[in-house]
Amino acid sequence: MATSMITTLDQSSRAAARGFSDISIRNLFIIPTILFLIVFNIFPLIYSLGYSFTDFRASTNAPANFVGLKNYRDLLNDPYVWSNFAITAKYVIISVAGQLFVGFGVAMLLNRDIPLKGLLTTLLLLPMMLSMAVVGLFWKLLYDPSFGIINYALGLGTFEWLADPKMALYAVALTDIWMWSPFVMLLSLAGLSAVPKHLYEAAAIDRAGPFYTFFRITLPLVAPILMIAVIFRTMEAFKTFDLAYILTSQPTTELISIRLYKMAFQEWQTGRSCALAYIVLIMVLAITNIYVKYLNKVKER
Amino acid sequence: MRKIMTSVLAGIGLTLACGTSVYAQEKELTIFWAEWDPANYLQELGNEYEKETGVKITVETTPWADFQTKTFTEFNAHGDAYDLVVGDSQWLGAGSTGGHYVDLTDFFNKHKLNEVMAPATVKYYAEYPGNSGKYWAIPLEGDAVGWAYRKDWFEDPKEKEAFKAKYGYDLDVPKDFKQLRDIAEFFYRPDQKKYGIAIYTDNSYDAMAMGFENALFSYGGELGDYATYKVDGHINSDKAVAALDAYKELYKFTPPGWAKTFFVEDNQAITENLAAMSMNYFAFFPSLINEASNPNAKNTGFFANPAGPHGDQFAALGGQGISVVSYSKKQDEAMKFLEWFIKDETQKKWAALGGYTCSQAVLKSEEFQNATPYNKAFYETMFKVKDFWAVPEYAELLQQLNQRIYPYMIGGEGTAKETLDALAADWNATFKKYGRVQ
Numbered sequence: 001m002a003t004s005m006i007t008t009l010d011q012s013s014r015a016a017a018r019g020f021s022d023i024s025i026r027n028l029f030i031i032p033t034i035l036f037l038i039v040f041n042i043f044p045l046i047y048s049l050g051y052s053f054t055d056f057r058a059s060t061n062a063p064a065n066f067v068g069l070k071n072y073r074d075l076l077n078d079p080y081v082w083s084n085f086a087i088t089a090k091y092v093i094i095s096v097a098g099q100l101f102v103g104f105g106v107a108m109l110l111n112r113d114i115p116l117k118g119l120l121t122t123l124l125l126l127p128m129m130l131s132m133a134v135v136g137l138f139w140k141l142l143y144d145p146s147f148g149i150i151n152y153a154l155g156l157g158t159f160e161w162l163a164d165p166k167m168a169l170y171a172v173a174l175t176d177i178w179m180w181s182p183f184v185m186l187l188s189l190a191g192l193s194a195v196p197k198h199l200y201e202a203a204a205i206d207r208a209g210p211f212y213t214f215f216r217i218t219l220p221l222v223a224p225i226l227m228i229a230v231i232f233r234t235m236e237a238f239k240t241f242d243l244a245y246i247l248t249s250q251p252t253t254e255l256i257s258i259r260l261y262k263m264a265f266q267e268w269q270t271g272r273s274c275a276l277a278y279i280v281l282i283m284v285l286a287i288t289n290i291y292v293k294y295l296n297k298v299k300e301r
Numbered sequence: 302m303r304k305i306m307t308s309v310l311a312g313i314g315l316t317l318a319c320g321t322s323v324y325a326q327e328k329e330l331t332i333f334w335a336e337w338d339p340a341n342y343l344q345e346l347g348n349e350y351e352k353e354t355g356v357k358i359t360v361e362t363t364p365w366a367d368f369q370t371k372t373f374t375e376f377n378a379h380g381d382a383y384d385l386v387v388g389d390s391q392w393l394g395a396g397s398t399g400g401h402y403v404d405l406t407d408f409f410n411k412h413k414l415n416e417v418m419a420p421a422t423v424k425y426y427a428e429y430p431g432n433s434g435k436y437w438a439i440p441l442e443g444d445a446v447g448w449a450y451r452k453d454w455f456e457d458p459k460e461k462e463a464f465k466a467k468y469g470y471d472l473d474v475p476k477d478f479k480q481l482r483d484i485a486e487f488f489y490r491p492d493q494k495k496y497g498i499a500i501y502t503d504n505s506y507d508a509m510a511m512g513f514e515n516a517l518f519s520y521g522g523e524l525g526d527y528a529t530y531k532v533d534g535h536i537n538s539d540k541a542v543a544a545l546d547a548y549k550e551l552y553k554f555t556p557p558g559w560a561k562t563f564f565v566e567d568n569q570a571i572t573e574n575l576a577a578m579s580m581n582y583f584a585f586f587p588s589l590i591n592e593a594s595n596p597n598a599k600n601t602g603f604f605a606n607p608a609g610p611h612g613d614q615f616a617a618l619g620g621q622g623i624s625v626v627s628y629s630k631k632q633d634e635a636m637k638f639l640e641w642f643i644k645d646e647t648q649k650k651w652a653a654l655g656g657y658t659c660s661q662a663v664l665k666s667e668e669f670q671n672a673t674p675y676n677k678a679f680y681e682t683m684f685k686v687k688d689f690w691a692v693p694e695y696a697e698l699l700q701q702l703n704q705r706i707y708p709y710m711i712g713g714e715g716t717a718k719e720t721l722d723a724l725a726a727d728w729n730a731t732f733k734k735y736g737r738v739q
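These protein sequence lines are chains V and X, in that order.
Using my numbering, the first residue of the first sequence is number 1, and each one after it goes up by one.
Using my numbering, the first residue of the second sequence is number 302, and each one after it goes up by one.
Calculated from the structure, these hints are not laboratory results.
Fair warning: there could be bad hints in the mix.
[Claimed, not checked] Computed cross-link-like contacts, DSS-like style, restricted to lysine-lysine with a CA-CA straight-line distance of at most 25 Å:
no.	chain 1	residue 1	chain 2	residue 2
1	V	Lys140	X	Lys494
2	V	Lys239	X	Lys371
3	X	Lys733	V	Lys70
Start from the sequences and build out the full structure, keeping to the hints where you can.
Quick look at the structure:
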């Protein structure tokens, strides 16, 4: 049954001439990948699950002691960890909503016949091609209250973007929005260009207003692809590390991944950080699952 | 057949001979350190060693931000990429109990390094646990926190007059924390883009702790009892609370956006005409007297950390000792390098290159003290320094300190007493977790 699903090798192909069967070709390609996945992904995943129930510290020679669910219990009772989760949630909401708004908006603007459209789209894509660390470093300069260009351009004087505990998270989210809106824009453009033109013509004949056309035709038809953008961006925003780590060190911007990094590689609490990594993994899986369920519903419509 | 065998054997023999001779030429030691000027000086010193012995020394570096992470990743993997590591003083506990460092006690005693090196450097860079007589490193780079200031601002007659009128005493290098605060307030003029003082506030590693310790130790406070690990009544004592308040007070007079600052920003405060005074490790001062890196080089002066209200005067310790990595396959060669390094003439060379020697003889020499504008302040400071906890779990203690003090310092949450009470409770819980207190 399984073999019937695999398309058979073309008899005249060079691979067939060399005596490869389709099965051996399949094995040739898939087995190394699976081995790679097992060695570098699955095995550490299971191994770290084991560590999450111990008090293991990679920096000492002390043997790991089994402590049961203590790590999980401690972490879930730690007000700092909860505040890290709350900060992460706030960050994800601001940053993904911002990217969706800006990205989709720009896509709507670009989705018409304008001169140099191709060039414009390519230029707008530049931010997401940069490295996160580089973006972090130069936005730190842009935000600088003494010589940063943002305060200069907006006439804000010495407004402290990153040193103000309340503002810092928004500043990080703003940078993330700048960087990743193009990604949402790209997906939205693909979705928008796939909307059949005759629907708009029919709406125009029926004298539907622009709002009605947008909410009844454009949005529902682009929604599935927009949802995919949201899933990707949520997962990415949830695990943001470099951008926030480079820009500021405020406790109000300590995302869960920064906390995890500190616990694992500065304090060397290996067992505990494995437990935290599992908690984060479960959360990301749960959120993604909800999205996927919703995405399927949207597609059915 | 026999002929073939002989030629094969000869071939193998020849290969081995070549191999060993090549190996002898390529004797090489790798020293790992953070990326900063002293590491370049150490490389130059290493080049001298190569000239004398033929053993090539490579000083490998990484930025400060991931120095700790990278070193311990290598240690935890039992890797032999580095033969020697110039490790931070707080690492002694983790390095020794984790089996990463070679025990240097015999070497230490044989060469009487106790007497050769300055006492504070032996205590904080080499010995673990405290007063155990067990040594894990050779003091290499002495360092402590000192201050740089703008001589031209301080010596301006108009400023002097205005200062005297406002505060009732002469404007000069601050003798205590009250004067430090007054001067910072005096020069704090946001409308002229001039600010009073630059301090450490970064909470990602030990910057914030070092900055706070300068106030804490001079105010007569302590982090805790290093022998019994009792912290309650020490870190939250009245003196400690007053010290934290004094440090927070200084934050008011810093340039704008001074919330994630360490040595780079603090030197910039002087080079970019931002602040009148700036806290920094002595190791970063060479670039302040260099006109290529500091346009105000001629107008930059230096002073030791001022005294507190009760006359105590201490400073937070930086600096590192050099340790032999226990996973290195060239430990003998590494020991030979250390033997060369501790010689008096090597230490003199080290100081001349720009390294901060810990050798008492060199430190006390006139030649050293007059070599730069800050060497005298350095010499004075090195005999009154104190350090952070050096236990293996120091990183957790550091994180807890950052977590408690930063929101109070920068965000203005709670009071100094509440902050330090909470920190005492955190530290006590950590010491309990590792079985150091009941």
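Hints that the structure is at odds with (numbers, increasing):
none
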